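Colleague: Below, each chain spelled out in residue letters.
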Amino acid sequence: MGELLFFVAGIGALAGAVGVVAVRNPFYSVLALVSHLLCLAALFLLLRAEFVAAAQVVVYAGAVMVLYVFVVAYVGGQDEPLGPRAGSGLRAISAIFGAVLFIELCVATLGSGLQLIDSGGTPAPGSFGSPEEIGRLLLTKFLLPFEVASFLLLIAAVGAVVLARRRGGLSHAEEQARYSAMDMLRPAYTGTMAEAVGGRHTLPEASGENQASGEDDAAAEPVAGRAEDDR
Amino acid sequence: MDIGWFLAVSALIFAIGAAGVLTRRSPLVILLCLELMLNAANLALIAFARMHGNHDGQIFAIIVMVVAACEVTVGLGVIVAMQRRRLPIDVDEMQELQG
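Order-wise, the sequence lines are chains A and B. Residues in the first sequence are numbered consecutively from 1, following this note's numbering. Residues in the second sequence are numbered consecutively from 1, following this note's numbering.
It is worth saying that the hints were derived from the structure and are not from the lab. A portion of the hints provided could be inaccurate.
Here are the in silico distance ranges between beta carbons for each label pair [as the list claims (entries may be wrong)]: (1) Leu144/A with Gly53/B: 20 to 28 Å; (2) Ile93/A with Gln95/B: 32 to 40 Å; (3) Glu96/B with Ala99/A: 26 to 34 Å; (4) Glu3/A with Val67/B: 42 to 50 Å; (5) Leu185/A with Val64/B: 23 to 31 Å; (6) Arg84/B with Leu143/A: 27 to 35 Å; (7) Ala99/A with Asp56/B: 14 to 22 Å.
As the structure is a computational prediction, the values presented were derived from the model and not from experiment. The beta carbon of each residue, even a glycine, is placed where N, CA and C say it ideally should be.
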């Protein structure tokens, strides 16, 4: 039973990996990676790593892949030509590099002379790999890596917001379109999302300047129409 | 099942991921191939944890997953910024970071 499950999951994981590299559309690459991650979680279960398998499915195949799907949908999942520019020969070199890397890794791991490598592992108690054991280790022996990892996640979240932020504020048309009822009740600079990305919401009635510009728009409507055409 | 089989699968996945990083041009797919390589390392770590019968490798694998999630957020943020500035989503044409 264990052997059958290993071969099914292993072949599934390898097929998913090949699919990620060989499929032309990035969207299908993401889906292939999801199937690869699910098969890999089955392999983790065979190695009695229950908690890591669950985290793999929930965090990786769930959350991170949803992020990928959103970005692929944003960038546009257009087909890209596979491989490098024609005539560069990089594809053959990379295939050879991959084969050499595989052989080297096999020599390094399987030929290491570790005695237990040809066995099913040391006999472990029934609670091996359970969330209880992992949690206890994370809060006792590995407390410092745990805290550092949480801090790293915080830094990455802030960095992603700073990188993907819209620079230069909202354009005028977008600003006009985004008033809501909450803007009546809330003073400016109270931490809305729109302020975070660089735009500031003020109601058009609140400032006389906006009203004046509105009248100007009404008076100079043909000019504005021409400007729209130019755009 | 012998531990060696798991290590062979891990080595194969790592080699496929490395070849993918070298061949593909879209930074999105390159990030996916990086995920493949990190997952191969995770599989090897968990196989060795099973071999030794202690949990250290599994904790290491969890930390690797955290680092992978951070790398994905920052990488996807860079890609979104590239898209916003109408830069080509192609690593061959993006030759300088100041762009």
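Colleague: Kindly indicate which numbered hints from before are broken by the structure, ordering the numbers from low to high.
Modeller: Failing hints, ascending: 2, 4, 5, 6 and 7.
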